Structure formats: structure tokens, C-alpha cells
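With chain A held as given, fit chains B, C and D with the ligands onto it using these hints.
Below, each chain spelled out in residue letters.
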Amino acid sequence: METKGVMEKPILQVKEITKTFPGVKALTDVSIDFYPGEVHALLGENGAGKSTLIKIISGVYIPTKGTLIFEQKERAYKNPGEALNLGISVIHQELSIANELSVAENIFIGREPGKGKQRFLLDRRKMERDAQKALSLMGVNFKATDIAGDLSAAQQQMIEIAKVITRNSKLVIMDEPTSSLSDSEIEALFKQIEMLKKNNVAIIYITHRLKELKVVADRITVLRDGIVVKKSLYEDITESEIVASMVGRKISDYYNKQQHIRKEEMLRVEGLTVKGVFEDVSFAAYKGEILGVAGLVGAGRTEVMETIFADKKKASGKVFIKGKEIELKNSREAIANKIGFATEDRRRTGLMLEASVKNNIVLPSLRRKAMKKAFVNPKWEKKVCDEYFGKLDIKTPGRETIIKNLSGGNQQKVILAKWLVAESEILILDEPTRGIDVNAKSEFYNLMNEFVDAGGCIIMVSSELPEILGVADRVIVMREGHLSGELNRAEMSELNIMQLASIQSEAESNTPRQADGASNLQSSKLRGI
Amino acid sequence: GCGSGDSGAKESSAGTDKKNVSAEEDGESYRVGFIVGSREHVFYNLIEDAIKEKCDEIGIEALCYDGELDANVQSNHIENLVAQDVDAIALATVDAAGVGPAIEAADAAGIPVFTFDSPCTTVDCIVCHVGTDNVKGGELGAQECIRLLGDKGGTAGIIGNPASSSCLDRENGFLDIMEKEAPDNVEVSFNGNYQGDANIAASLVQDWLTADPDLGVIFATGDPACTGALASIKAAGADTLIVGYDGNPEAIKAIYAQDEDGKWWVSEISQNPPLIGSTIVEQVYKYLKTGKVDAKNIPIEPYIITYEYIVDNNLMSE
Amino acid sequence: MGKAKEWSEKNAVVIVLIVLIIFFGIANSTFLTPANIINITAQMSINAMLTIGITFVIITGGIDISVGSVAAFAGIFSAYIGLKFPKAPLIGILGIQLGSAIFIGTICGAFIGIAIAKFKVVPMIATLAMMTSARGLAYVVTDGQPVYGLPNKFAWLGAGRLITTEKMKNGVIPIITIFLVIILILMHILLSRTIFGRHVYAVGSNEKVSHLSGINVDAVKIKVHILCSIMAALGGVCVTSKLNNGQPAACDTYEMYAIAATVLGGTSLLGGIGSVLRAMFGCAIIAIINNGMNLMQISSYWQKVIMGMIILVAVIIDMAQKKEKK
Amino acid sequence: MGKAKEWSEKNAVVIVLIVLIIFFGIANSTFLTPANIINITAQMSINAMLTIGITFVIITGGIDISVGSVAAFAGIFSAYIGLKFPKAPLIGILGIQLGSAIFIGTICGAFIGIAIAKFKVVPMIATLAMMTSARGLAYVVTDGQPVYGLPNKFAWLGAGRLITTEKMKNGVIPIITIFLVIILILMHILLSRTIFGRHVYAVGSNEKVSHLSGINVDAVKIKVHILCSIMAALGGVCVTSKLNNGQPAACDTYEMYAIAATVLGGTSLLGGIGSVLRAMFGCAIIAIINNGMNLMQISSYWQKVIMGMIILVAVIIDMAQKKEKK
Ligand SMILES: Nc1ncnc2c1ncn2[C@@H]1O[C@H](COP(=O)(O)OP(=O)(O)OP(=O)(O)O)[C@@H](O)[C@H]1O
Ligand SMILES: Nc1ncnc2c1ncn2[C@@H]1O[C@H](COP(=O)(O)OP(=O)(O)OP(=O)(O)O)[C@@H](O)[C@H]1O
Ligand SMILES: [Mg+2]
Ligand SMILES: [Mg+2]
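Those protein sequences? They're chains A, B, C and D, same order as listed. Count the first sequence with the working numbering and you get residues 1 to 529, in order. Count the second sequence with the working numbering and you get residues 1001 to 1318, in order. Count the third sequence with the working numbering and you get residues 2001 to 2326, in order. Count the fourth sequence with the working numbering and you get residues 3001 to 3326, in order.
Any given hint could turn out to be false.
[Said to hold, decoys possible] Going by beta-carbon spacing under 7 Å, a handful of chain A positions derived as facing chain C:
1. PRO80
2. LEU84
3. ALA98
4. LEU101
5. ILE109
6. GLU112
7. LEU121
8. LEU122
Read the hints as simulated data drawn from the structure, not as lab findings. All values derive from a computational prediction rather than experimental measurement. Glycine residues also receive a C-beta, built at the ideal position from the N, C-alpha and C atoms.
The following block holds chain A by itself, in its conformation from the complex (with noise of 0.2 Å):
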């Protein structure tokens, strides 16, 4: 691919913008050129700005201070729709579907094709033509007349980024679009992302996932606390020194791997399966180390900690604890015997986001910690909270501040406090990482090492190999419902893994992925740091 985009003039210059929340001063005094033609990638750590700033550059917030200067031309827009009228299109960070609506009305949600002058009428069958040819274009797994709703997290991002590329849009705006991709998702993307730059269309593009940075990014700026601190080609930078601006200082030994001793068995599943979504899936976890899920997206990982965790009815099979087998009714009977679930969607299924952050904390060890049975006890809610805060060196104004506030990492960490403070021996975290960036990361591998060696057993379910290899001290790989391997230290690999995960898969061939070769390992190679 070709670096340096044909150097013209800047397509889009935000000069001096600030904006500040109450209590936040989220960008100070940024000013940055994005150019045709080129892939412009956003760095920073959670909190840093990039969302706000993409956010001010599409119309969603108004800058407190500064200028946007699009196409030669000072603009204030007043809505996204302007920004969108000029060709400026954005697939934000957190998934903007409508469930309810079909494929098609997704992605031409606001620019339904109308019949005639007048537009009143709906083209529903050119609309629906050119959703199909779109998607068929990506290689996606479904069609336009699903609806939107019954496909998994990363079917919709499909949708996402069809919505932007069938748009002929001059400025595309991705905020971490592969976070819930797989590797052959993120390969179909990276084709769009070729294709559009052909086109001469501007790419900003953020990511926590700097490898992807090697056959993406022309260029890229590195925010932190909401301020430029560093402006480069990428072919004139190395990864550590982006790292170390990012951060602000250099981090040695990121994963800082651990030795564990194993120990009893905590956990056992014997031909666990649900029917349709996963079969006769046999593991043991053990005291004292972190047992690793690998597997592609849509591998069944997820379901089956939720039947492990009682939230989901599993069909057949048995489930030990310490050796005994015990049947939970529902996960309040899983928390009971000490088993903690941090699920893979923070904001769905994890968080009470309009909630203080302490109500997040204590809400499943309430009773257990109750006064006179019926009675919150509100000292040991303060007592509990500072001392995770501490521990967990979790950033929050205070107790009572509304958890959505808080930056990605705080918040996965509030998660953690949460399970731990409900004294879970066993701690099951479905992508734990995802959207937390390195600097969050190396210290949440940290919190799971005191856990382990305290004598917890982890079950991580990840997408991220490198954060597999670099943590687990033994992995078991799923692909398409099935347990198609087991892993311990010596074995692991990228290679062995990935072979596990998606051998399979390959034979089928078909989806552009398996159209060159053994692509699934270069990619992988291309995920996390």
C-alpha cells in the first residue's frame, strides 16, 4: 500500500478545539490536518479525548473553544446531520443499531431512498438492492432483510461499517470498529478501508490495538489528558515510542507473566450443551492459575460461561464445584458458591450505568453483608468502596459519582471490585480488556496475577491471542461450539491456537479471508501489542 497519501490540502482542520464537561477538561487546544487519501489514526489511552474529538468533528457535541474547518470552509454545525450532509460519517464507538429495524433500514437509516422528486414515497426495493450489494461486497454471513436486533455484536458492526461505505462520503470516522470484530471481519474491513482510500476519502481511525497500526495507518497523532502530545508519519515512529507517549512513561514487562502454582481443583463441566449454540463442552479449572478461552467471535465462548454462570439453561450436562456437583438454579445461587461473572458487554450487561459507582460495587454482596438481615449497612459500603479504590487504584471523583462518567478502564476495574468484594473464588471474565487501553491494561493483568496467587482461579474468555499467550498459564480452544483443543504452557502458540480455532473454518473457504492463504496467522499476528 502506498504511505503518504498524494499530499494536497487538508480535507479537515480542527484548530484550537477545547471542550470541557462539568468536572472534565476532556480536550485542551487541539489542533490537528487530516488529509485525502490517507488513514489517520487517533492514539490515546481511555479517557484521553479521542471519542470527543470525533465526536466534536461530526456535530454530537459543540467545541467549547476552536474552529472546524472542513474543506477550506469554517463550519459550526448545529446536528450530525449537517456533518453528515457534507460527507462526514462516523461509526462511533459504541454500537449504533437499531434492533427492531431490518439490515437495510439500518444502513440507510436517515437516507431512505424515496421514490420520484418529491421523496415522500420509500424505495424499499432499491434500498434493499443496494444494502445486499454492500454486504455482499464486505463477504458478511447474513442479508439485508434480517433484522438488526438477532445478530451478534459483531454481525452489527458489519452493519456499522456497511452504513459508512455505502455512503460516498469524503470524511469516514472509525472509533474502534475492530474491538468486536474477528480476524476475518477486521480483514474485510481493512479491504473497505484500501477501497475508500482509493476513492481519495480522509480516514480517522482509533484503535487500542497498535499492531493494526503496521497495514492501516499513513499517519497518526497520540493524545493524552485531551492534549496532542505527538504528530507523526507512522513509518517514522516505532510502537514503543508511541506506547511511551501515549503513557507518558515506558512500560517494561507489559503482560509481567507470572508463574503460578496450581493448585486444587475449583471447577469442573462435563458435556456441557446448549442446544444450537454450543455441545458437549468438557473443562477443569484450577486454584490458582488462569485458564485461558480462546476461540473466533461467534465460537460459543461467551454462551457457554453464561450456562456455567446459571443465567442461560443448558440442556445436558454436569457442573462440579471443589470436586462436588452441584446444580444452580440461577446465578444467585452460581454467586453464592463464590463464582463471579464480568461479562463481555460493560454497558449492557455489566454496569448499572446511571448508578453511583458504589451501587455498582456492592449491589451482589448486599445481603450477605447485611445488618439485622434486612438492612444496608452503609459503613461497610464506605469501608469496602475506599479500600478497592485503593487497591484497584480505581479513578473515580468519589463513591457517589455516576459510574458513566468514568473512563472504560475505571469502569471494567469498578467491575472487578464489584466480584471481588462478593469474595469470588472463582472469577470468569468474558474480554475483560476490550476497549481498555495499554496503560489500563498492564495494570488489570496485575490485579488478575494478586487474584490468582491468593489462591483464585480465573477463566478468561479472549479474543486477543497475544493476551492468551501473555497471561494464561494454560488455554482451552473453542470454534463453532465445539472444545476443539487444549493447550498448556509449553504448547501454546499463535500457531497452535489459531490452527484450533479456525482449521475448520478454513476448509469451508469462501469468505474473502480464506482467499489468501494462511491469512487468519498474519492477522492474528496483527492482534493486540
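Chains B, C and D with the ligands in isolation, oriented as in the chain A frame:
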């Protein structure tokens, strides 16, 4: 208004002793609270108009409230009136059960309480009641229906509204006479509740007419019901006759239009609301002045309005 | 899964409807006579109009409990205008009736819509305020008296019938039913075949996304509430026409039956899902229960109880069907 | 930001309340007399009880429009029991009254709660069904007649007053007010200090998260609806006591004012946020508007209009305050 003040059988006035109504008030004007059943009913509005008119005439300050056909609301009004230390309270209770405690509280606070339209049987401190005998009205209605059906007889239907006690009395009076006096060739084949909603009355009658296209006569216990019934009868092209209840202007107008609505809506049991209004004011005033009332119970006789009656008393010329 | 099965999942309520028809058909001889069936279509028309409007609102994720009061107010209004033109020709009268409905509906709807869209008042409260106020105004302007003495032509829309036969001297097909069908077709097209319709679903499905996608969410909400109020006003005008008399107390609590009908018709109170056609099944159910129970001379007290229970059961059946699918 | 400012943001409605008090105080001489103030506290008590219950339901993200009917039904029920024991001592009567409230409330609430939690019926419809049915039953059992001839002691709870003085021979402090205060304190503790209370908020904030945190969401919903219906039933029993007779038509449409009061009290119809104490401000506003306008002899028609508008304005002010914070 129609009729003159002298109706109402006068018993020898059993003057209850006047309680401690501030005697020094003589000369200066009295403040009296009136609570009508509901301002959503024309009937009560006509009473209220008469009350206001009469009060202006004899110089009483009238505080009028809407009882909303909700005893709890009426009870609140009474409390508020006591707080305003009025000289007397007159109310139209939702039903015979009335609002006992509130009335007794008012009485205990030395404020005489009167009732009109609907009596209150649960307390004995009511100074005087002025109102139509609705059972009697229902009986008149039945007799009128029988007359209208004539020798050939036929079927009859009644549109009631049991939620309102006065409507219920009319219904009971009607059914009672129909049972006792009706010849064998007259039968009550339909009985429905229109819930005070003319549109519901229309649907009821429409359904009756499909079941029995020759339905002879309908007794409607309130004018909204007549409006609804009339609409459906016209629509169905039936010859069913309507006997209404209340005697509101719209009824008089309809009956008077003999070759239009008057073809179906032929007679009306009237309660003479203006007379009820003026009489209750007279009694309150008399009591405040002299400590006596004409009688503990002053019934206002219901009477039948027909085309002839309208012409004789030239009600339409006004 | 088979189209038929899918359909029955969407329309479990139709099964309830059929069961009711069979039941009343057996229980009462008059029920299935042509005359009575025609009556039912006429009787459900007014609730149907309110329901169509409310369906739009509910699909956007809102609610409107003011339709009954707005209907009454518009009905009164049309009656007063009608009084002013005793000699007007039929077409003129129709103009007055539609005109008043659109006029009052637009005012009330815009008021509600702006309160919700611009001042961010929760729909429940905004429409509660309108419910109380519009009812109050209806009484204020009439001073509690019905508005009577309307020209007979005024009754054509609500009470008139076309095609007189031997057996039915006053005509077979109620004009109000024809009127309803026309409105229904128009509204169905508006909801399912136009871009505006898409936006109604989009706003109900995900307001934030709709906004980010350049849909003017506020405008959609305001338009939908204007539309709903106009439909309510039309219903009110039809009541006035049917009674040939303007009642300030008209259509009291009708909103509840309209909402019930909408939900029975498979519209989700969470927004994003719904159809005006299916809502008509809901109206039919309610109308049939009323009519059937009237014919069977069931006490109006029991009618309330039974109505409540049937609505509940119907919705439960509907839910069960949908759950199966999940 | 300052505690005071934060407080005023949470309670903008208090400002509305104060404004109203000042206005009516100036406009009418009786308004601020002790007698009248006592009346207001007594008059708001019944709506307050319904409001407390509905607040719980709304915090879980639900709604209940059946409270008026449930109140009427429970009131009737208590009256019938009361008739059975004409000679009962005061304490026995109180037992009857509380007993009937708890009994009927539990049945109705459980019914609603199970329909919602187990059969997944939307709250609006489940409670609509109960609203219609309970009202119907109240008429069925009474055959539309009031239930009267109750022992005088029966009126103690609803109409009795303590501490008689020279000027107020009927007593100064309404027992119903004391009763309300006791309930209020208990319910406030239940909501703000107990595990159950926390679970109520949690369910309203995020059902899924609550479920995954080991909360039995269905149980919470059912309990909350039982509690709401019991509160409604208590309100109804108090009405019966206050009138010393049982009215099948009692408390008609009271649910609307209870909901309005709840929202005025800053409770979010989306769930997760709310307080029974602040809800009392809402009740006070509504009671004061009614009382003040009556004293000022404003026509009941205009009262409706004004009431609607004040509720709307109050909510808008509240919204504006909250928006500022964003
Ligand atoms: N609506 C808001 N209200 C208050 N504070 C906010 C709001 N949105 C963002 N912030 C704060 O502004 C800062 C920047 O947030 P932003 O979402 O831009 O970070 P980010 O770089 O996108 O982080 P991530 O990589 O986790 O997405 C953070 O401190 C965040 O807490
Ligand atoms: N909401 C949903 N509706 C329908 N199918 C779903 C849904 N979520 C997931 N699936 C499907 O269930 C299967 C397992 O999905 P799951 O999310 O468990 O995969 P996973 O291995 O956990 O991937 P990841 O956790 O990385 O997202 C996949 O076929 C997926 O497409
Ligand atoms: Mg971000
Ligand atoms: Mg998953």
C-alpha cells in the same frame, strides 16, 4: 325557568331549634356554601344557576362547589367550608349514604347542613331536604311508557346509570310499576347502563334494535341517554318512542319539534331543577333568619312534559 | 420457519378474535346477522380512529392519554361551527367537520409534541396535562351544556348509511365505516410505505442512533403527536356527528381502550414495532366484546370485569407466541 | 458544585410549591389559616398513600394505573367486614381496616405482579386490566349501591381528629395525617435503608445486571406491586372510613394524580431514580392547587385547565434544572 314557587306539600313546620349561628350577623349578608352533585351534568348546572340567582335576589353570598359525584371530594369541600366558617352548607350528596362524618363535623362546628336533590339518610342532623322524589319520577316514566304503548302493547327498554343513585331510584320506580301495573302485552326486554356517556347509550340502543327492530318505547333515565338513543333510532329508521328524564332545554326543544326529533322523543319527566334551587335557598335563608324551616323534607313533584305541556306553558316562546 | 407460523406469531390476537366471534355467534342468535356485523363495524370506528393515532405515537416509543379529551374538545368545536352555518350544504358540513378536526388536532398535537420534544417532558405527563386541560376547556366553552340544534346534515358522517335495501330501509353501509377504511388505508401507507414512516420506526427503535443519522427526531415526534391528535379529533367529530349533538363529557376514558387495542394489535409500548392494520384487530376484539355482551344482556358491571380479563388473556397469548420465537 | 445548588436541582419542584403557597396565601385570606392548613394535610393523605405505592413501582421502571380501582374495591370490602361487626371496639375496627387493605392489596398486587413478571405482560396493560376488573367487581359486589350503616368508630381513622381546642371543637390533628406520616416513615426506610429498597432501584436501573448480580428480579417486581396495591388499598380504606360508607365509584381516576405527584417528586418514569419523600412535595402541590382554587371560587372547569398547566410547568422547570446539570 318554569313552574312557580308554591309547589311542594307544606307540612306543619317542625322548626328545629336554630343553633349558635352568630346572631349579631343580622342585617349583614350571610355566607352559604353550596355543593352541587357535578358540574358535568346539565341538571345540576340548572340548579346552581337558580341558586346563584336566588342568592343575589335576597342578598346571600353563595360559595358554589363541584361535588364531582365523588363523596371524597364533597367531604373535602365541606371541610373547606367549615374552615371558611360559613353560616350554612347545602349539598347534593352522591347518594343516600352521603358523607356522614364531614356533615357531622360541620354540624358540631355549629354550621347547619341542608341537602338537595339527593337526601342523606345516614345522619340525622340535616336541617332540611329539598328534592325530587326520583322513585316517583321513575313511576311516572313507567306509566307514560304504558300509555304510549297503548292497547296493542309492545316491548320497552330502560337506559340506566346505576352509578348515580338518583338514576337508580328512577330505574327502580320504573321497573316496580312495570311489574305491578303493566298489562300482559307490555314487557321490559332490555336494561342497559350508559355510564353517563351518550355514545355508549347510542351503541346500546343500536344493539337492542338489531335484536328487536320493533322495540316500542325506551325510558332514558337522563337526557344524554336520550340523545344517544335518538341518534340510533333515527339511524335504524325505527319507530321506537323515547321518554326522557331531567327536562333540560334540549329535551324541550326536541319534543317541541314535533315532525323532527319530536317524532320519537315524545315526553320527558321533568324534575324542575330551577325550583329545587330556589327552594333550597329560601329554606336556608328562612332558617338563618328565624331558625325554622317549612318542613324537614320538601319534595318537588316531578311532572311530565309533552308537546301539549310545552305549548300550554309556552316554554319555547322564551 | 413457515410464513404461516410466523404470521400467527405476529397475530396470535387474530386467534382470540376468531374464538370470540365463534363464542358469541353460538351464544346469541342476533350476533352474526348482517345487521349486527355492520353495527359492530360502525361502533368500532371511533375507537379505531383514536387507535390509529395512538399507534403512531406508541411506535415512536411515546404514549398519549389525552386522545379522549382532545376528541371531546374537537367535537364541541365542530358543533359550534356547525351551529353557525345551519343552511350549509352537505359538502360544506363535511368541510366544517374535517376542518375543525384538523384545526383542533393540530393545535393540541403541536402543544403536546413541543412539550415532549423541546421541553423534554415525559409523554405520560405532557399528555396528562393535555387530557385535563382539553377536557376542562370543553366544559369551559360549553359551560357544561351539550351543544344541540345542529342541522340534520351534520349527522351524515357519523350516523348516515349508504345503499338502502328492502330489509334495511336506512341503508346498509355506514358512512363512518367507509370513512374509517379510507383513513386506515392512508395511514397504513404513510406508516409502511413512506420515508416518514421509516423515521417513525427509527425514532422508536433507537432515538440516539436516529439523531446521529441525521433524522430530525424532534420534528418526527411533533408530527406524530399532531397526527395522533388529529385522529383523535376526527373521532370526536364523528361522535358529535353520530349524536348530532356536542357533549363535553364525550369519549371519557376512551384513551384506555385505544391503548389496549394498540397493544392487542401487537404494537410494542417500547417502540419500534407496530402496525395500524393489526391494531384494527384489537379494536375489533374490544368492539365485539361490548356488542356481544350487550346482546347477551350481561350486566354492565360484569362487562367491565370480563373486558379486563379478556384483554389480559389476549396479551398473554400474544406474549407466549412471541416468546416461543425467542 | 454546592450542596444547596445540587439540592435545588433535585427539588426544583419545592420552589414551585413555595411559589404556590405564597400566591394563594396572598390571594385568599383563609388559605393560610391553621384550620385550612390542617385540612390540606388531611386532604392530601389519600393521594399520598397511592403515590407512595406508585413511586415504588415507577422506580422499578413499571407503572400502575389500577390504584384507583383497587382502592375502591378494598374500601368496599372493608365496609362489608365492618358491617359484620357493629359492636367491635376501636382497635378491632382498625384491625378490620388494615386487614382488609392488606388482604385485598396482596391479592390484586400479586395478580398484577405475576402477570408482569411471569407472563411478561407490559405493566400498562396488566394494570389496565386490573383497573377495569377491580372497578367492575366493586360494582358487582355492591350492585352499584353505597355500603352504609357502618359503626361510627369506623370513621375514626379517616375522619377523626385529636386534641380539641376552643376554636376547633372537632380536634386539631387529623388521625389520617398521623397515619400517613407513620406509613411514610416506614416506606422511606424500606426504600432507602434496606436491601429490598436497593434491589428496587437496581431492577429499575438495569434488570439484566440485577439478575446477573443474583437479584431475583421477578420476586422484586411482584413484591413491589403487592406493596403498591396495599398502599392503594389503604387509601381506599381511609376513604371509606372518612365517608363512613363504601362507595363503588370512589377514587375514580385518582391514579393519574398519583402518577403526576410521583413525577413531580422527581421520580423518573424510566426507573432507577426516585424518592417517596420528594413525592410528597408532588402530592402537596396538587392538594394545594385544588384547595387554593376552591377557596378562590375558581370554576371547576377552569380548575381542570389550570391544574393541567401547573403540572406541566412544574415538570418543565424540573427538567430545565436537570438539563443545566448536563
Ligand atoms: N458526556 C460526558 N460527560 C462528562 N464527561 C465526559 C463525557 N464524555 C466524555 N467525558 C470525559 O471526557 C474524557 C474523554 O473521554 P473520551 O470518551 O473522549 O475518551 P476516549 O479517548 O474516547 O477513551 P476510550 O479510549 O475509553 O474511548 C474522559 O475523562 C471522560 O470521562
Ligand atoms: N444476540 C444474539 N442473537 C443471536 N445469536 C447470537 C447472539 N449473540 C451471539 N450469537 C451467536 O451465538 C454464537 C456464540 O456467540 P458468542 O458471543 O458466545 O461468541 P463468543 O465466542 O463469545 O464470541 P465473543 O465472546 O468473542 O463475542 C455465535 O454464533 C453468535 O453469532
Ligand atoms: Mg472513546
Ligand atoms: Mg462473547
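Here is how each hint holds up against the structure:
Interface restraint check: PRO80(A) against chain C, minimum CB-CB distance 5 Å, threshold 7 Å, status holds. The criterion of a C-beta within 7 Å of any C-beta in chain C is met by LEU84(A), whose closest approach is roughly 5 Å, and the hint holds. Interface hint status for ALA98(A): upheld, as the beta-carbon distance to the closest one in chain C is roughly 4 Å, under 7 Å. The restraint placing LEU101(A) at the interface with chain C holds, with a minimum CB-CB distance near 5 Å, inside the 7 Å limit.
The interface hint given for ILE109(A) holds, since its Cβ lies 4 Å from the closest Cβ of chain C, which is under the 7 Å cut-off. For GLU112(A), the shortest C-beta to C-beta distance to chain C is roughly 5 Å, which falls under 7 Å, so the interface hint holds. Interface hint status for LEU121(A): upheld, as the beta-carbon distance to the closest one in chain C is roughly 6 Å, under 7 Å. A hinted interface residue such as LEU122(A) counts as satisfied when its beta carbon comes closer than 7 Å to some beta carbon of chain C; here the least separation is about 5 Å, so the hint holds.
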